Amino acid sequence: MARRITFQQAINEALAQEMERDETVVIFGEDVAGGMGAPGEDDAWGGVLGVTKGLYAKFPGRVIDTPISESAYVGAAAGAAASGLRPVAELMFVDFMGVCLDQIFNQAAKFRYMFGGKAVTPMVIRTMFGAGIRAASQHSQALYPIFTHIPGLKVVVPATPYDAKGLLIQSIRDEDPVIFLEHKMLYAMEGDVPEEPYAIPFGEAEVVREGSDVTVVAIGRMVHLAAQAAAELDGAGIGCEIIDPRTTSPLDTETILESVEHTGRLVVVDEANPRCGMAADIVAMVSQEAFGNLKAAPRMVTPPHTPVPFSPVLEDAYVPGPDAIAEAIRATAGAATRA
Amino acid sequence: MSAVIEKLGMPKWGLSMTEGRLLDWLVDGGDEIAVGQEVAEVETEKITGAVEAPGAGVLRRRVAAVGDVVPVGGLLGVIAGAEVADAEIDAFVAEFEAAFVPEEEDAGPEPEIVTVGAGTLRFLRQGDGDEAVLLLHGFGGDLNNWLFNLDALAEGRTVYALDLPGHGGSVKRAEGLGSLTAAVREFLDGQGVERTHLVGHSMGALVAAAIACESPDRVASLTLVDPAGLGEEIDRDYVDGFVAATSRKELKPVLQRLFADPELVTRSMVDDVLKYKRLDGVDEALRSLAGELFPDGHQQRGLDLEAYDGPVLVIWGEQDQVIPAAHADSAPPRAEKRILAGAGHSPHLESAGEFNRLVTGFLSR
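Protein chains in written order, with the working numbering: chain S, 1424 to 1762; chain A, 43 to 407.
It should be emphasised that the hints constitute simulated quantities derived from the structure, not laboratory data. Keep in mind that a hint or two might mislead.
Mimicking DSS-like on lysine-lysine, the simulated pairs with C-alpha atoms at most 30 Å apart in a straight line are [claimed, not checked]: (1) A:K319 / A:K49; (2) A:K294 / A:K317; (3) A:K317 / A:K291; (4) A:K317 / S:K1481; (5) A:K294 / A:K49; (6) A:K317 / A:K49; (7) S:K1481 / A:K291; (8) A:K291 / S:K1476; (9) A:K294 / S:K1718; (10) A:K291 / A:K319; (11) A:K379 / A:K54; (12) A:K319 / A:K294; (13) A:K291 / S:K1718; (14) A:K379 / A:K49.
A partial selection of chain S residues facing chain A, derived with a Cβ cut-off under 8 Å [as the list claims (entries may be wrong)]: (15) G1589; (16) A1622; (17) I1623; (18) P1624; (19) E1684.
Note that the coordinates shown come from a computational prediction; the quantities given were computed from them, not determined experimentally. Glycine included, C-beta positions come from ideal geometry on N, C-alpha and C.
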């Protein structure tokens, strides 16, 4: 039975249910229980925003506070995964990936390939991303395109509490390394989530709403801002079909292409920087595969190619908002139809 | 106000419905209409259905326009005799609009949970009459399949709609038909229901018939709706497609096979089924039931009513694409048979008004 819980509670519940079901599931991270050096019994932290709270007491010995050394504990997680555990490592902010990138892209992502398909690496890295909390350029980035670029990694960017739970359960059960990206502005969002465990398969986009005029592909928090823009444009007689890919690797290109075949117009909304990002990737894919269906040039709605500003005014201007999204949709819908 | 003026209101189909969108008027203003005649088409989150006239007379006013979203209980139109003055109709509408308050969302009974040997069972109880009616959904269904029928059947009766094991909000484990039958028997014992009418749809009809034969004294009557078990054929595309589908794209055409009019399948209906199918245990439960009952497009279990001599009603949608309506010919000769034109495998959803009249009439005898 479904009831309303937050995005954050949905993640906590997915972890708890998988730890309950499978005793090889363990959690590593900074302050995921009591905080380094603290006894932990008080379950004082449960992660920097409390996402893992309560798990330390429920699963003794399986929620492990680590030193502030991402290269050590992410590397340990990769090794643990290759040797029989299912670790879920928490990288506090995705911005810290740089210090453990070798462990992720040149070790975990490659084991299956380097060992002739005989090794599996069922490891999840949960990490927080995104702008909006005045945390400046070192704690606000949307770095999922970098992981998406690396074959051997699966990359998940949930937009709703329902998807967060089902995709995290799938991530834990998956035999390959998965990067699971949680937008920090979504943690408090509520939605209907079944109490029972369930898994959402990777590579299946969610058609958030149907519409016949413009296909809008949006990722993570941008799904909700695109929905606001679409609601506004209903009044102007522009019907938007919003597609949330949910996983950027694998990417459900089929759903996007089918939609564009039907609308002939594409807008991609992405919080990541515009160069070599998901928006550019999806626009290129559609231009190549469905050029004949396009009635107007596809558009990307992204932040500018700059670090995330610390000034609140500039940060708000940096993140694509409903107005910028609506403007791009209007421009695409109004563009002259190609002969 | 004159008693001959009757409100044509937005119906409430199912617990979660709070409003509906008027898709089309099926009659013109000024048309003479009969009780039960379908007068408008309404789309809800869950399904599209026809609104039936609550009384006979002339449709004097079409208050709602096509495309309008009207809350449950809100005014769609006004039915009255031709002799009623226009001013009286105007006054009726004005008075209604002034006094109308949409009902709170939480109205109506909430599903309950009980525990039997197999695990937890979810059910809904509605009404409080002396006679009990137990509704058993089909393969892959749940208690919400009866959303158009609960109100009508619960008038003067206590209706239980149950999620069978492996389904809906019940335990996600089902080991063959026997496990379903055992759970239903335990459920009835637990609720203290000594004797009940059974209404079973498709696979649920197999369960109902098994219980009727085991304990004929406890079964007041048996209503079989597009039942499994009266012939060998079953649509393989439906059974296998339902089990295999993991995306909305795959599932929608499968669910459309349940109805004569595929347009009835809404996004929300597809979503609900997809969310159910993703729950841990459901895939195994469905595969186990399909493997036992419907392997390779053939039905393995016959519905045998020799041990039951109570009243039997068989209702079948004429355009059933899953189990052919011709199987009704194999029902025992004493059974009453009704074939509903314009309905597919789920006449209780697709021709709800007629279905409800047939069943309430049968139960009242």
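Verification of the hints:
Between A:K319 and A:K49, the direct Cα distance comes to roughly 41 Å. Violation of the 30 Å bound is thereby established for this hinted pair. Of the pairs offered as hints, the one joining A:K294 and A:K317 holds, with about 13 Å between alpha carbons and a cut-off of 30 Å not exceeded. Simply put, A:K317 and A:K291 have alpha-carbon atoms about 14 Å apart, close enough for the 30 Å limit, and the pair holds. In summary, the hint linking A:K317 to S:K1481 is supported, as the alpha carbons are separated by about 28 Å, within the 30 Å threshold.
Our distance criterion of 30 Å between C-alpha atoms is broken by A:K294 and A:K49, whose separation comes to about 36 Å. Taken as a hint, the A:K317 and A:K49 pair is broken in the structure, with Cα atoms around 38 Å apart against an allowance of 30 Å. Distance check on the hinted pair: S:K1481 and A:K291 sit about 39 Å apart at the alpha-carbon level, beyond 30 Å; violated. Pair hint A:K291 plus S:K1476 does not hold up; C-alpha atoms about 38 Å apart against a cutoff of 30 Å.
The straight-line distance between the Cα atoms of A:K294 and S:K1718 is roughly 28 Å, inside the 30 Å bound, and the hint therefore holds. Our distance criterion of 30 Å between C-alpha atoms is met by A:K291 and A:K319, whose separation comes to about 14 Å. At roughly 29 Å between alpha-carbon atoms, A:K379 and A:K54 fall within 30 Å of each other, so this suggested pair holds. Between A:K319 and A:K294, the direct Cα distance comes to roughly 13 Å. Compliance with the 30 Å bound is thereby established for this hinted pair.
At most 30 Å may separate the alpha-carbon atoms for a hinted pair to count; A:K291 and S:K1718 meet this at roughly 25 Å. Proposed proximity of A:K379 and A:K49 is contradicted: the alpha carbons are some 34 Å apart, above 30 Å. For S:G1589, the interface hint holds, the least distance from its beta-carbon to any beta-carbon of chain A being 6 Å, beneath 8 Å. Residue-level restraint check for S:A1622 holds (minimum Cβ-Cβ distance to chain A is 6 Å; threshold 8 Å).
Against a cut-off of 8 Å between C-beta atoms, the interface hint on S:I1623 holds, since the closest Cβ of chain A lies about 6 Å away. A distance limit of 8 Å between C-beta atoms decides the matter here; for S:P1624 the minimum to chain A is near 6 Å, and the interface restraint holds. A distance limit of 8 Å between C-beta atoms decides the matter here; for S:E1684 the minimum to chain A is near 14 Å, and the interface restraint is violated.
Taken one by one, the earlier hints fail for this structure at numbers 1, 5, 6, 7, 8, 14, 19, listed in ascending order.
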